[in-house]
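Heads up: the sequence lines are chains A and B, in that order.
Its first residue numbered 1, the first sequence is counted upward by one per residue in my numbering.
Its first residue numbered 1, the second sequence is counted upward by one per residue in my numbering.
Honestly, the hints are just simulated from the structure, not real lab data.
Some hints could be false.
[Claimed, not checked] Have a look at the derived ranges for each label pair, beta carbon to beta carbon:
{"#": "1", "chain 1": "B", "residue 1": "T173", "chain 2": "A", "residue 2": "D149", "range": "25 to 35 Å"}
{"#": "2", "chain 1": "A", "residue 1": "K219", "chain 2": "B", "residue 2": "G143", "range": "20 to 30 Å"}
{"#": "3", "chain 1": "B", "residue 1": "G55", "chain 2": "A", "residue 2": "E108", "range": "41 to 51 Å"}
{"#": "4", "chain 1": "B", "residue 1": "A41", "chain 2": "A", "residue 2": "M192", "range": "54 to 64 Å"}
{"#": "5", "chain 1": "B", "residue 1": "A236", "chain 2": "A", "residue 2": "R226", "range": "33 to 43 Å"}
{"#": "6", "chain 1": "B", "residue 1": "A41", "chain 2": "A", "residue 2": "P189", "range": "51 to 61 Å"}
{"#": "7", "chain 1": "B", "residue 1": "D32", "chain 2": "A", "residue 2": "G23", "range": "26 to 36 Å"}
{"#": "8", "chain 1": "B", "residue 1": "D42", "chain 2": "A", "residue 2": "T203", "range": "44 to 54 Å"}
{"#": "9", "chain 1": "A", "residue 1": "E108", "chain 2": "B", "residue 2": "E48", "range": "26 to 36 Å"}
{"#": "10", "chain 1": "A", "residue 1": "K243", "chain 2": "B", "residue 2": "E210", "range": "30 to 40 Å"}
Ideal placement from N, C-alpha and C gives every residue a C-beta, glycine not left out.
Letter by letter, the chains look like this.
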Amino acid sequence: MKILVGVKRVVDYNVRIQVKADGSGVATDGVKMSMNPFDEIAVEEALRIKEAGKAEEVVAVTIGPKVCQEQLRTALAMGADRAIHVETDDQTQPLTGARILKAVADKEEPKIVLLGKQAIDDDNNQTAQMLAGLSHWPQATFASEVVIDGDTAQVTREIDSGLETLSVDLPAVISVDLRLNEPRYVKLPNIMKAKRKPIEVLTLAELNVEVAPSVTVLKTSTPAKREAGIKVESVDELVTILKEKGLI
Amino acid sequence: MSKVLVIAEHDGSQLNGSTARAVACASQLGLDAIDIAVLAADGSAVAEQAAKLAGVATVVLVQNPVNENAVAALLAPQIEALASDYSHVLAPSTTFGKDLMPRVAAHLGVPQISDIMRVESATVFDRPVYAGNAVITVEAPEGLILGTVRTASYPAVAQDGAATIETREVSVTLPTHTRYEGLKTSGSGDRPDLQAAAKVVSGGRGVGSEENFSVIYGLADKLGAGVGASRAAVDAGFIPNDHQVGQTGKIIAPELYMAFGISGAIQHLAGIKDAGTIVAVNKDADAPIFEVADYGLVGDLFEVIEELEKAL
Chain A
1 MKILVGVKRV VDYNVRIQVK ADGSGVATDG VKMSMNPFDE IAVEEALRIK
51 EAGKAEEVVA VTIGPKVCQE QLRTALAMGA DRAIHVETDD QTQPLTGARI
101 LKAVADKEEP KIVLLGKQAI DDDNNQTAQM LAGLSHWPQA TFASEVVIDG
151 DTAQVTREID SGLETLSVDL PAVISVDLRL NEPRYVKLPN IMKAKRKPIE
201 VLTLAELNVE VAPSVTVLKT STPAKREAGI KVESVDELVT ILKEKGLI
Chain B
1 MSKVLVIAEH DGSQLNGSTA RAVACASQLG LDAIDIAVLA ADGSAVAEQA
51 AKLAGVATVV LVQNPVNENA VAALLAPQIE ALASDYSHVL APSTTFGKDL
101 MPRVAAHLGV PQISDIMRVE SATVFDRPVY AGNAVITVEA PEGLILGTVR
151 TASYPAVAQD GAATIETREV SVTLPTHTRY EGLKTSGSGD RPDLQAAAKV
201 VSGGRGVGSE ENFSVIYGLA DKLGAGVGAS RAAVDAGFIP NDHQVGQTGK
251 IIAPELYMAF GISGAIQHLA GIKDAGTIVA VNKDADAPIF EVADYGLVGD
301 LFEVIEELEK AL
C-alpha cells in the first residue's frame, strides 16, 4: 500500500505577519518559511502507518515554486521515501490544488492521501474535501485517530459536537487535525540521507491539469485591532465594573 | 431571479444556532429570496424551526434515511442537485459546513469562499487569513457562488418568520463507501452551547489538571456561561476537544469572555476577537492575553475564582 501525503510551504507559525502597506498581500520577503504544521502531522501519520507494517511507501507531494523543495526535503528527512514537486510560480487556489493532487493520485494510485486540514496561511480548509469530491472517494476530515484495517479505515474526527467516527473504504482522503500525533524531530544524519532521496519534478502541463475557476484577491488589509484595556487591582474592582456594564 | 440557499445544520431534532447566523449573512446579499435546505431522515421538526427564521421564503425539506447523520460524501450530491436553482449556496463555517461545502464545490467545478465575514456585494466578500491577522477581499468568478459563513461575524436573525415548507425528492445515486459509526459527546449537560452562549468562561494550561477544571465549570454554572478552553488545555487532556476556542477550534462572539490561565497565543486570540468584553486572569503580567483584554487581573486564578464566586 502506498500513501501520498501533501506538504505546503507557509510562513512559519511563530511569525507575526505584516500586511504590505499597498494592500497587495502579506510580506514574505526574508520571513521564515516552514512546512504547514498540519502537514507535518500528516507526514508523521503516514510514517507511523508505514512503520506499523500497513504501508510500503510514503510519497510526499508539494505544489509551488522551486524553493518549496526545502519542505519536501524536510518530509524526506522525517522518513518519506520519495517526493514529487509540481512546479508552478502561480499562487495555487484549493480547487486547482485538488485537481493537481488528483492527477498525481491517478498516476501514483495511493490507497490513502493524507493532507493537513488547513494551511495556516490562507486558512481555507478545502483541498482535502475537494480532492475527495473530484475523485469520488470517501473523505474523513479533521482526524484525531486513524486505524487502518485491511481495505477500510476507521477515522475519529474532531467535530463541534465531539468525536465522530467514520468507517471509510480505501482509497480515501484523510485530513488531519492537531491531536492526531506529535511529529518527530528530524535528526541530522537523516537530513544528510534525505539529500540523496529522489524528487520528481512535474508541471501542470505534464499532468494535463488546467487551472480551475478562481477567486480574485482584490486587496489585503489589516483587521481592526482590539485595543488593550486596563488592569484592575482586585476582584472587587472587577466585579463592580462587570456589574455596572450589566455583564454579570 | 437570483436566490440563495442556506444549508441548515441540525442534529435531527434541533436546528443549530449557526444556521440563523448564516441566514443573517445571506440577507446581506440583496437577492430576491433566501431559502433553507434541511436534509434529514425525518426533518419535520427542524424544518419548522427553520421556517421561523426571519427573511426565509422557503424551507426545502429533503428526507432520506441516509441523512440520519451528516456525512459530507452523502449530503454533497443532494446539495449539488438542489444548487441549480440558486445563484449562491451558503453554509455555516462550522465543522459541518467546512466538511461539506468544498466537496460540493468540487463536484460543481467552482471555487468556494471560506469564512465570509463581510458581504461587500453579491460577488465580493471579506474573509480572514493568517489566523485573522489579515483580511482579504475576494471577488468570486462568474457563476454559482459557494461559501461558508464565519458565524461569529453575524448575529442570528430573529425567529418571527413564516416560511413555506416544501418537501422535495432528490433522486441521485449516493455512494456506499462511507459509514457513520458513532459520536462521542463530552456531555456538557445543561450548559449553554459554546458557540451560542452570551457568556463563556475559559481555562488554559494554567488550570493545571482535569480535576482543577471543576473550578472553571463551577464558575461557568454560577454565571450561566458556556465553558471554553485553549488548545494547550485540550492537548493536555484537561477537557474534551469540543471546548477548544481558536483558529482551528471554535470562533466565538459572546458578550463576556473570561479567560483563566490562558496566555493568549495568536491562534487562541483568533477565536475570541469578536467577544464583547474580554476579562483575563493570569499570574504572568506579561501574558499576551492582556494585550486584547478589556480588563486584566494579575493573580492566581484559583484565588480569583474563589473571590469571584463569593462576590456574585
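Hint by hint, here is what the structure shows:
Between T173(B) and D149(A), the C-beta spacing of about 26 Å keeps the proposed range 25 to 35 Å intact. Between K219(A) and G143(B) the beta carbons are some 22 Å apart, a value that agrees with the proposed interval 20 to 30 Å. Checking the proposed 41 to 51 Å range against G55(B) and E108(A) shows it holds: the Cβ atoms sit about 48 Å from each other. In this structure the supplied range 54 to 64 Å holds for A41(B) paired with M192(A), their Cβ-Cβ distance being about 57 Å.
Judged by the Cβ atoms, the range 33 to 43 Å given for A236(B) and R226(A) is violated: they are separated by roughly 27 Å. Separation of A41(B) from P189(A) is about 56 Å and conforms to the stated range, judged on CB atoms against 51 to 61 Å. A hinted range of 26 to 36 Å for the beta carbons of D32(B) and G23(A) is consistent with their spacing of about 33 Å. For the pair D42(B) and T203(A), the beta carbons lie near 51 Å from each other, so the given range of 44 to 54 Å is met.
Between E108(A) and E48(B) the C-beta distance comes to about 49 Å, which lies outside the given range of 26 to 36 Å. Under the hint 30 to 40 Å, the C-beta atoms of K243(A) and E210(B), about 32 Å apart, fit the expected range.
Going down the numbered hints, you'll see the structure goes against 5, 9, while the others check out.
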